[in-house]
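Enquirer: In case you want the letters, here they are:
2 protein chains.
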Amino acid sequence: MQTKKLKIIPLGGLGEFGMNCLALRWEDDIIVIDAGLMFPESELLGVDIVVPDITYLIENKEHVRAILLTHGHEDHIGGLPWILSEIKVPVYATEFTLAYVEGKLEEHHLLDDTELVEITPKQKFSIGPFTIEPIRVTHSLVDCVALAIDTPVGVVIHTGDFKIDLSPLDDKPFDLHTFAEYGKRGVLALLQDSTNVERTGYTPSERSVRPRLDEIFSRATKKLFFSCFSSSIYRIRIALELARDHGRKVAIVGRSMMESTEIAQDLGYIDVPPGLIINPGHMRDFTPDQLMVLISGTQGEPMSALSRAAVDNHRHAHIDAGDTVVLSSRVIPGNEKSIFRVIDHLYRRDAKVVYDDGTNGLIHVSGHGSQDEMRLLINLVRPKFFVPVHGDYRYLRKHAQIATDTGAIGEAIVIEDGDVLELDKSTAHKGEKVTAGRVLIDSGSSIDVVEDLVIRDRRILSEDGIVLAVLAINKRTGKVERSPEVVMRGFGGADITDEARELVLKTLDGLNGEQKTDYGMVKEKVRVELKRLIQKTTGRRPLIMPVILEI
Amino acid sequence: MQTKKLKIIPLGGLGEFGMNCLALRWEDDIIVIDAGLMFPESELLGVDIVVPDITYLIENKEHVRAILLTHGHEDHIGGLPWILSEIKVPVYATEFTLAYVEGKLEEHHLLDDTELVEITPKQKFSIGPFTIEPIRVTHSLVDCVALAIDTPVGVVIHTGDFKIDLSPLDDKPFDLHTFAEYGKRGVLALLQDSTNVERTGYTPSERSVRPRLDEIFSRATKKLFFSCFSSSIYRIRIALELARDHGRKVAIVGRSMMESTEIAQDLGYIDVPPGLIINPGHMRDFTPDQLMVLISGTQGEPMSALSRAAVDNHRHAHIDAGDTVVLSSRVIPGNEKSIFRVIDHLYRRDAKVVYDDGTNGLIHVSGHGSQDEMRLLINLVRPKFFVPVHGDYRYLRKHAQIATDTGAIGEAIVIEDGDVLELDKSTAHKGEKVTAGRVLIDSGSSIDVVEDLVIRDRRILSEDGIVLAVLAINKRTGKVERSPEVVMRGFGGADITDEARELVLKTLDGLNGEQKTDYGMVKEKVRVELKRLIQKTTGRRPLIMPVILEI
Numbered sequence: 001m002q003t004k005k006l007k008i009i010p011l012g013g014l015g016e017f018g019m020n021c022l023a024l025r026w027e028d029d030i031i032v033i034d035a036g037l038m039f040p041e042s043e044l045l046g047v048d049i050v051v052p053d054i055t056y057l058i059e060n061k062e063h064v065r066a067i068l069l070t071h072g073h074e075d076h077i078g079g080l081p082w083i084l085s086e087i088k089v090p091v092y093a094t095e096f097t098l099a100y101v102e103g104k105l106e107e108h109h110l111l112d113d114t115e116l117v118e119i120t121p122k123q124k125f126s127i128g129p130f131t132i133e134p135i136r137v138t139h140s141l142v143d144c145v146a147l148a149i150d151t152p153v154g155v156v157i158h159t160g161d162f163k164i165d166l167s168p169l170d171d172k173p174f175d176l177h178t179f180a181e182y183g184k185r186g187v188l189a190l191l192q193d194s195t196n197v198e199r200t201g202y203t204p205s206e207r208s209v210r211p212r213l214d215e216i217f218s219r220a221t222k223k224l225f226f227s228c229f230s231s232s233i234y235r236i237r238i239a240l241e242l243a244r245d246h247g248r249k250v251a252i253v254g255r256s257m258m259e260s261t262e263i264a265q266d267l268g269y270i271d272v273p274p275g276l277i278i279n280p281g282h283m284r285d286f287t288p289d290q291l292m293v294l295i296s297g298t299q300g301e302p303m304s305a306l307s308r309a310a311v312d313n314h315r316h317a318h319i320d321a322g323d324t325v326v327l328s329s330r331v332i333p334g335n336e337k338s339i340f341r342v343i344d345h346l347y348r349r350d351a352k353v354v355y356d357d358g359t360n361g362l363i364h365v366s367g368h369g370s371q372d373e374m375r376l377l378i379n380l381v382r383p384k385f386f387v388p389v390h391g392d393y394r395y396l397r398k399h400a401q402i403a404t405d406t407g408a409i410g411e412a413i414v415i416e417d418g419d420v421l422e423l424d425k426s427t428a429h430k431g432e433k434v435t436a437g438r439v440l441i442d443s444g445s446s447i448d449v450v451e452d453l454v455i456r457d458r459r460i461l462s463e464d465g466i467v468l469a470v471l472a473i474n475k476r477t478g479k480v481e482r483s484p485e486v487v488m489r490g491f492g493g494a495d496i497t498d499e500a501r502e503l504v505l506k507t508l509d510g511l512n513g514e515q516k517t518d519y520g521m522v523k524e525k526v527r528v529e530l531k532r533l534i535q536k537t538t539g540r541r542p543l544i545m546p547v548i549l550e551i
Numbered sequence: 001m002q003t004k005k006l007k008i009i010p011l012g013g014l015g016e017f018g019m020n021c022l023a024l025r026w027e028d029d030i031i032v033i034d035a036g037l038m039f040p041e042s043e044l045l046g047v048d049i050v051v052p053d054i055t056y057l058i059e060n061k062e063h064v065r066a067i068l069l070t071h072g073h074e075d076h077i078g079g080l081p082w083i084l085s086e087i088k089v090p091v092y093a094t095e096f097t098l099a100y101v102e103g104k105l106e107e108h109h110l111l112d113d114t115e116l117v118e119i120t121p122k123q124k125f126s127i128g129p130f131t132i133e134p135i136r137v138t139h140s141l142v143d144c145v146a147l148a149i150d151t152p153v154g155v156v157i158h159t160g161d162f163k164i165d166l167s168p169l170d171d172k173p174f175d176l177h178t179f180a181e182y183g184k185r186g187v188l189a190l191l192q193d194s195t196n197v198e199r200t201g202y203t204p205s206e207r208s209v210r211p212r213l214d215e216i217f218s219r220a221t222k223k224l225f226f227s228c229f230s231s232s233i234y235r236i237r238i239a240l241e242l243a244r245d246h247g248r249k250v251a252i253v254g255r256s257m258m259e260s261t262e263i264a265q266d267l268g269y270i271d272v273p274p275g276l277i278i279n280p281g282h283m284r285d286f287t288p289d290q291l292m293v294l295i296s297g298t299q300g301e302p303m304s305a306l307s308r309a310a311v312d313n314h315r316h317a318h319i320d321a322g323d324t325v326v327l328s329s330r331v332i333p334g335n336e337k338s339i340f341r342v343i344d345h346l347y348r349r350d351a352k353v354v355y356d357d358g359t360n361g362l363i364h365v366s367g368h369g370s371q372d373e374m375r376l377l378i379n380l381v382r383p384k385f386f387v388p389v390h391g392d393y394r395y396l397r398k399h400a401q402i403a404t405d406t407g408a409i410g411e412a413i414v415i416e417d418g419d420v421l422e423l424d425k426s427t428a429h430k431g432e433k434v435t436a437g438r439v440l441i442d443s444g445s446s447i448d449v450v451e452d453l454v455i456r457d458r459r460i461l462s463e464d465g466i467v468l469a470v471l472a473i474n475k476r477t478g479k480v481e482r483s484p485e486v487v488m489r490g491f492g493g494a495d496i497t498d499e500a501r502e503l504v505l506k507t508l509d510g511l512n513g514e515q516k517t518d519y520g521m522v523k524e525k526v527r528v529e530l531k532r533l534i535q536k537t538t539g540r541r542p543l544i545m546p547v548i549l550e551i
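The listed protein sequences derive, respectively, from chains A and B.
Just so you know, we're using the working numbering here: the first sequence kicks off at 1 and counts up by one.
Just so you know, we're using the working numbering here: the second sequence kicks off at 1 and counts up by one.
Think of the hints as simulated: they come from the structure by calculation, not from any bench.
Some hints here could point you the wrong way.
As the list makes no split between identical chains, a pair holds if one copy fits it or if it spans any two.
[What the hints assert, rightly or not] Lysine-lysine pairs mimicking DSBU-like chemistry, simulated, CA-CA at most 30 Å apart:
no., residue 1, residue 2
1, K536, K337
2, K352, K430
3, K222, K430
4, K249, K536
5, K352, K384
6, K337, K516
7, K104, K122
8, K433, K516
9, K430, K337
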């Protein structure tokens, strides 16, 4: 007779960074931990986001009981609309995470149909055969939890994203005691974040950037632009405190930054004195040294507020000679070209640019624990089986090695998306694989994401046809050299092709000189305009891929 | 009356990394320093290399007297065939640099028509009104020089690429004395390499990687694969010495690695004991612990030997469980995806992979001086005017600031490609700009670069038409989901489109499972095959752009 097994089934995030999603199954009950997205590789033209293939969940629809979220970052919640449009299940998350989720579901008209359940650290709850205890962890975002899941064969702990911040800004400490308690009682499996496995030592506290940022505020003599990830609530809090201390009013520019600040303020994570925040339109009432602009766009996203300000194309944010621009963030690999393009534009405006180039002091810290934090948590939990999660294959392998070297675990097991790890009380082995993979989604455009993010499979989309707009741009003059080629497949006709060609020309004429040299922005503008035209005239939503030839 | 001016006219490398090229003009005499290429941004699909726009040189053809090369890296010599096909002038360089240049010109059938002049450190020579003294500098490549150019208004020193290696492996020291001598006599302008301006301190010696590499050799129990840039002659020398010391025979795999090693051996830069190097086909005669494979492909280039070996698709280089693979190189920004794809494949083969991830000790050092070396050279030379060269705009600005802070210069001036800096004995100002920019070149394919690198302007090329091959690949099965779309513009017909479509399918069928997941390789293969077909059947050489849709 075959004994019953607990199945751990990663569907995303094991073998790549992002789109974290993992199923836990006992007999006929499945719970899903996280539902993230990732951003596509440059090879995948015309694709906006990538989400996990959830064929396995769809095929087992009637057994899926819940989605549990560890925290509110896009790589953990961004795939929710996609999954919820296929499977109707309740979503469990902490208060702050739910606030992000609500906004996201509202955009996709899924909010009314979704049951949201608030969870709280140390308050256990049950779903089918699972009893779950959220454990508070620290990270770059607030209100993050690990999940301890008591199953019929033992406890499984999933860390979510974490660092062990021993002096957190919100005085909500990493709950070492509960991890220790589980470790004493015995843990079957620990699933731990591998993100920073290549970093030795210990990640500094979120608090540790304050002294250097304070110095930068002290030295700024004109306007100060402060940019960070909009979800970096701690960083925003520090920026607002420093603005107040240095007598600067704060204008918030960029939709994501405004939303994030509002949520954090509503839930008491940042405390804004009355009168500190001003309407961006009122900046002209103050002298430059009385202003801080909190602005989104650290990764050089073509349509972000900072990218537009850098080429002097933002209604409110004007960067003048002598202004200081702080990018309190890291350069995410793959984004170098876009980021440095923005920074070069800032230098050309004679701004003082402070970014994380290794010579500017500590202006950014990672939200993920380094090797010593990984070792510490392993030593506290002492699991029978250790399963690295979150990362490229080589990261999982390295993490497994680090765990083995601690001597505090039974066995480290490296699994990838689609593997099924079957466990009983004392053994673990890989079973037959399930479907896993990536699904590419084209939102049409990132700027009208609110009204327009229609999630659909690339398969469906490619049946709607494909539009290639090939632009030959003269590098010297910035002018389009010849009538742009617009190639349509799957639909179209001479009329619409001509109209599309003219529209592309008109769009390019509407750009200023600096914008024209920013190909990311050129492509985005062309894409948005073509999309509108084609949808209006044909009702179709083809894949639109602008291609630039520089001549 | 207008007095005569010396003109410094950067045509490439000031405002970007790569394609270094700078003209120096006195009245009717022009000399050109370096003639480099750069590799294109990912937005520029279908483009293989980028070279400077030399319209200015072509328009002043009769005044161009010579091209002087500081050293043999591609970003300093790679544009030579392009320039020499437009302007016939002698090329001046040191012995080793000339060896690289000869190979390159031979490939392009330009060798017979080009006058090559060997120069030697400390041996002055004159070209028109200029008297030039090459000064030995150290770098990651051998036989590199700076150029001190005596002009009617004073001495201009161009550093070329340099680090100040105080314990060089070839006992050919950085010539501090000559720089000091010029500094004492007075220098009008110093043009200095900005590459590492974001690094504090001092770059370690080329020698400093030896101890850690020695350790790695000591611990390797099976085959050892050693990869570095093929031009890193010092690194190759160290690898060969360690192989000898640890009783391993050396098989060299990869064309560039073989050529480079041959040149270095011929010119006495590496000393290979008889019997050390074996034919790759003879590896089977030795046990794994008796073998080192010197292999090219540190940047994950899709068709490189290492990339192919990583997916078990190389005739001679087979990577087995327990083998050690050392990547003694840096991860060039923009190449992360390709490099880490290769590394993940290596891990899946259960190889021990050692790369520069910050935790593996010193296995690679930069060839460019850090801030303290920049400061040291500025202090020795004490120029009236300081002009940063080589780098993005923000690098030039930072370098100017560092130079100013030394207090050892008169004035730092930031100029970009196309600017004209006019100098007399005591003043410098920017004159009217000249044409500058980038020219994109499609070599058709990187694997048949030898017989096939036809350099041509993108303008001409786009008149030859454009071919888009859109492949929809099922991520799960690795199979092409639907008949690939082949879109041709500017030529073609139903026949050839069908044939092209079938060829693409056939090409994809010929790939193994791991290759199919490597989109860089898939695209390259498809590109090469389509190119052959179209050239054979139509005699045209259109721009071919494979586009992958993952579904």
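Enquirer: Take the hints in turn and mark each one as holding or not.
Expert: These are the hints, each one checked on the structure:
{"no.": "1", "hint": "K536 x K337", "result": "neither (34 Å within a copy, 37 Å between copies)"}
{"no.": "2", "hint": "K352 x K430", "result": "between (55 Å within a copy, 23 Å between copies)"}
{"no.": "3", "hint": "K222 x K430", "result": "between (61 Å within a copy, 29 Å between copies)"}
{"no.": "4", "hint": "K249 x K536", "result": "neither (43 Å within a copy, 68 Å between copies)"}
{"no.": "5", "hint": "K352 x K384", "result": "between (53 Å within a copy, 26 Å between copies)"}
{"no.": "6", "hint": "K337 x K516", "result": "both (16 Å within a copy, 27 Å between copies)"}
{"no.": "7", "hint": "K104 x K122", "result": "within (27 Å within a copy, 69 Å between copies)"}
{"no.": "8", "hint": "K433 x K516", "result": "between (48 Å within a copy, 20 Å between copies)"}
{"no.": "9", "hint": "K430 x K337", "result": "between (41 Å within a copy, 29 Å between copies)"}
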